[in-house]
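Asker: As given, the protein sequences belong to chains Z and X, one line each in that order. Once you know that position 7 of the first sequence is 723 in the working numbering, the rest is easy, because the numbers rise by one and skip nothing. Once you know that position 312 of the second sequence is 327 in the working numbering, the rest is easy, because the numbers rise by one and skip nothing.
Keep in mind that the hints were calculated from the coordinates and are not lab data. Do not take every clue at face value.
With a straight-line cut-off of 25 Å between C-alpha atoms, the simulated DMTMM-like cross-links for lysine to aspartate or glutamate are [to be verified]:
{"hint": "1", "chain 1": "X", "residue 1": "21", "chain 2": "Z", "residue 2": "999"}
{"hint": "2", "chain 1": "Z", "residue 1": "1220", "chain 2": "X", "residue 2": "27"}
{"hint": "3", "chain 1": "Z", "residue 1": "1113", "chain 2": "X", "residue 2": "71"}
{"hint": "4", "chain 1": "Z", "residue 1": "1112", "chain 2": "X", "residue 2": "367"}
{"hint": "5", "chain 1": "X", "residue 1": "80", "chain 2": "Z", "residue 2": "1108"}
{"hint": "6", "chain 1": "Z", "residue 1": "1010", "chain 2": "X", "residue 2": "27"}
{"hint": "7", "chain 1": "Z", "residue 1": "1010", "chain 2": "Z", "residue 2": "812"}
{"hint": "8", "chain 1": "Z", "residue 1": "1113", "chain 2": "Z", "residue 2": "801"}
{"hint": "9", "chain 1": "X", "residue 1": "21", "chain 2": "Z", "residue 2": "1108"}
{"hint": "10", "chain 1": "X", "residue 1": "366", "chain 2": "Z", "residue 2": "1116"}
{"hint": "11", "chain 1": "X", "residue 1": "21", "chain 2": "Z", "residue 2": "1007"}
{"hint": "12", "chain 1": "X", "residue 1": "80", "chain 2": "Z", "residue 2": "1116"}
{"hint": "13", "chain 1": "Z", "residue 1": "1112", "chain 2": "X", "residue 2": "370"}
{"hint": "14", "chain 1": "X", "residue 1": "115", "chain 2": "X", "residue 2": "370"}
{"hint": "15", "chain 1": "X", "residue 1": "80", "chain 2": "Z", "residue 2": "1166"}
{"hint": "16", "chain 1": "Z", "residue 1": "1112", "chain 2": "X", "residue 2": "77"}
{"hint": "17", "chain 1": "X", "residue 1": "156", "chain 2": "Z", "residue 2": "1116"}
Next come the chains, spelled out residue by residue.
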Amino acid sequence: MNPNEFDVIIIGGGITGAGTQRDCAMRGLRTLLVDRSDIATGATGRNHGLLHSGARYAVNDPESAAECIRENMILRRVAAHCIDESDGLFVTLPEDDLDYQKSFVQACRDAGIRADIIDPDLARRLEPAVNPDIIGAVRVPDCSVDPFRLCAANMLDAKLHGGQVRLQTEVTGIIKEGNTVKGIRTHNRNTGEDLDFYAPIVVNASGVWGQEIAQMAGVKVGMFPAKGSLLIFAHRVNNMVINRCRKPSNADILVPGDTVCIVGTTSSRIPLEECRNVAVTPDEVTLLITEGIKLAPRLSSTRILRAYAGVRPLVSADDDPSGRNISRGIVCLDHETRDGIKGFITITGGKLTSYRLMAEMATDMVCKKLGIDKACETAITPLPGSEEGSYEEVAKKIWENPTVAQKAAAARMGSRVARIRSGDRRDEALICECEQVSMGEINAAIDRLEASTLTDLRRRTRVGMGTCQGEFCACRAAGLLAKAHGCIEKERADIDFFLQERWKGNFPIGWGDTLREAEYTQWVYKHVLGI
Amino acid sequence: MDNGIKFQEYTESTYNFEECTKCTVCTAFCPVLQVNPLYPGPKQAGPDGERLRLRDPNFFDESLKYCLNCKRCEVWCPSEVKVADLIQSARLQYDTTPPKLRDRLLASTDFMGKLARPVAPVVNAVTGLPLAKTAMDVMLKIDRHRTFPKYSASSFEFWLKRRRKEQAVFSEQVAYYHGCYVNYNYPQLGKDLVKVLNALGVGVQLLDGEKCCGIALISNRLTKEATKNAKHNVSVLSKAVESGLKVVTTSSTCTLTLREEYPSLLGVDNSAVKDSILMATRYIYEKLEQGAKLPFRADFHKRVAYHTPCHMQRLGWGIFSEKLLRMIPGLELTVLDSACCGISGTYGFKKENYETSQAIGEQLFSQLRAIQPEVVACDCETCKWQIEMSTGFPVMNPISLLAEALC
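Please work from the sequences and hints to get the whole structure.
Answerer: This is the structure we're talking about:
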């Protein structure tokens, strides 16, 4: 068998692509996934990290809402180590219409979402950070999810099922014979190598860039890129998701995730060309702070760590200028029936919460085309890391008296954390002190999770995501990468890029403690280390 | 705003933990971290750990108990993060294991003092016996190397009450918060203070029934008892302050507790009294600076080494004791390099901490061995026990030295 031939090639290492590869691989297909940079670099890694209960969509988009709650319940089981079962509140402020609550709760119930109206007093007790002026509160099963972890776990499981992953590999063309897609042409951005890969089916799961990939295959998919900006606060002020109980609008969700909390989002249409380089504007920062304070007043004086923006891969359907009212529904296009191009599928739209269902739909279509009759098992088979109970139980099973770093590692890796246990005490040395990431965990990510740069490591381990933003961990982790790759020069450039990227997120909110710390980082790197 | 962006005017966080820039200077100066690898260090236990604990209380780390609460991290922190308070408050808030019997006994300085006083000679003899030390070591895990301070048969309060009238004749008055040690173990220090203040023309009064400051209760996580003492003490201190009195003290740790720990760790508001509580050395130094005179002996001569207790350093007041000692004619002073003695109140008495405690103190002990002073001066009673036990050099409070130097 030719090593460049597969049953299915998936373009895009976001959650949809990774999920699709895992599903295909679990059904016995030989799979290849390519991405022009790293996993979870697009919309997957640039959102709230909210595992929707569906409540937000219940009124306007009941179909999506029902999808969300089904997937929410499935993912709690199969992706337990990526999810924090925090629950959520939909709160009504004095300026909001309390009547909306009634139709909201009814719509939730119709969609199968548990929605309990609770006394505002109870809400204030459950979540002390919530705006004390609330006049109504509904409790719903929202969760937070770590999208990087989820994506990495899918990729890892695909690999465990024989899948191949090629990152930093850009698709330069679609190989066609007549109206049949036969494979892809690629260019490796690291090595400069140009390679062709062949498969009877190519799945376009490249999110907002799906339009360009579709064009290469000679079909038209109209994307509606909608930019959303968010702010990360440096520590958790809330432990439940807080939403505004009103028609979805700007900056009305505050999600606690890992050690931080995130408020967002804005929504504005942007041209496709700008998707690769979105920046947060001063107006957006103002809007996010002003509206965020209404959810949790404490945000007005809580240190902000970063600002970032992502682009929603919505598929354009109507003339809505904001994109707010476009269905978040899943779009799975069979280009054979739609455009007469054989062997090409586009899976897009949808959202993080419904990624598994999207993957299932795409894989079903792939299997049907290949004549394979195998049922999807992703709704019952846990992802690697999610096989066992809570992180505390996992940590206690491995270490008699787990340290904070070991507990933190168990919370990130789930049962896979057993792999970082070694007799070598050096593996316990901390690389990232803010997030408590050990040398063992970094090395495991380099060895097993295809991490080749500091930014890749950040997505997989949270290294550099803490308040110091790489001040101490970047050079330590770079040392490990240099050792693994046997190349110091490349790592110098990598540190430079990493710190610039950290600064990019600090810049829009560059004041107070975050600015002080960034200044200090600059002294350390520029004046002490000479970088 | 005109420039189109809404800046945050200020940010705040519990004990300023978000102001940590991770510079790690606290870690470099933590005396525990240098000798005990099980301790995560002030930065990780404090601001780093706080973010994780806010995420999930399960991230509370039991090894925070190794913190001495010496507060050197706070002294060094360039960002005014209250690192030690973060660590102590995490212990109070998240450690759910009930304090041991031993810890309760060690922390109950007031209660034990009252109990022991009437039978002081017996208690002193028994606690000094090798057999008793072994029994406490085995049964209570109080290290056998430690000797309990001797109890006095008669309390300082009793002594001063009998002199109420003669003290009342002075036109100027102060109240004295003497603390447990002076009252139950070493009334002589209190008597020395009275001698010095009287020589300055100041009469000394007792507070209206002070209780233990509660530092030992706090460090042994007996929050409820500590809070009770704090509220009581603030109320009796208020009474004195309202009547126009300053309150002087001779123990740096009691002082730090009354001034800083009450609001910071126990949530007890002391704003009405805080500024009126002063170490006696500061009070006296300021008096002498303003021109007051003391009748010094001409024949006094002593070679003294001054050790700044950690809590004195946190108060920023070591300088007053030092300057005061320098004013004593015939006193040859060496100021020791700042180093923790390692005892930290009840910490060093616990068997599991003995070795750490001695290893921390070594830096100080070796300085003393090199200098060979006649007397070590120090404002803290637990430092005194540690230095005397570990080096054999006698330790005196600066106030006692001052009293000795007077005619």
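Asker: Each hint should be assessed against the structure and marked as holding or not.
Answerer: Do the hints match the structure? See the list:
1. X:21 / Z:999: holds (8 Å)
2. Z:1220 / X:27: holds (24 Å)
3. Z:1113 / X:71: Holds. Residue 1113 of chain Z to residue 71 of chain X sits at ~19 Å (cutoff 25 Å).
4. Z:1112 / X:367: With a Cα-Cα distance of about 24 Å, the restraint between residue 1112 of chain Z and residue 367 of chain X holds, given a limit of 25 Å.
5. X:80 / Z:1108: holds (21 Å)
6. Z:1010 / X:27: holds (18 Å)
7. Z:1010 / Z:812: Roughly 11 Å between the alpha carbons, so the hint for residue 1010 of chain Z and residue 812 of chain Z holds.
8. Z:1113 / Z:801: holds (22 Å)
9. X:21 / Z:1108: Violated, at about 41 Å.
10. X:366 / Z:1116: This hinted pair holds, its Cα atoms lying about 23 Å apart.
11. X:21 / Z:1007: holds (12 Å)
12. X:80 / Z:1116: Since the Cα atoms of residue 80 of chain X and residue 1116 of chain Z sit roughly 19 Å apart, the hinted pair holds (cutoff 25 Å).
13. Z:1112 / X:370: Between residue 1112 of chain Z and residue 370 of chain X the Cα gap is close to 29 Å, so the pair fails against 25 Å, i.e. violated.
14. X:115 / X:370: Holds, at about 20 Å.
15. X:80 / Z:1166: Given that 25 Å is the threshold and the Cα spacing comes to 40 Å, the pair is violated.
16. Z:1112 / X:77: Measuring from Cα to Cα gives roughly 14 Å; hence the hint holds.
17. X:156 / Z:1116: Holds: residue 156 of chain X and residue 1116 of chain Z sit about 24 Å apart, inside 25 Å.
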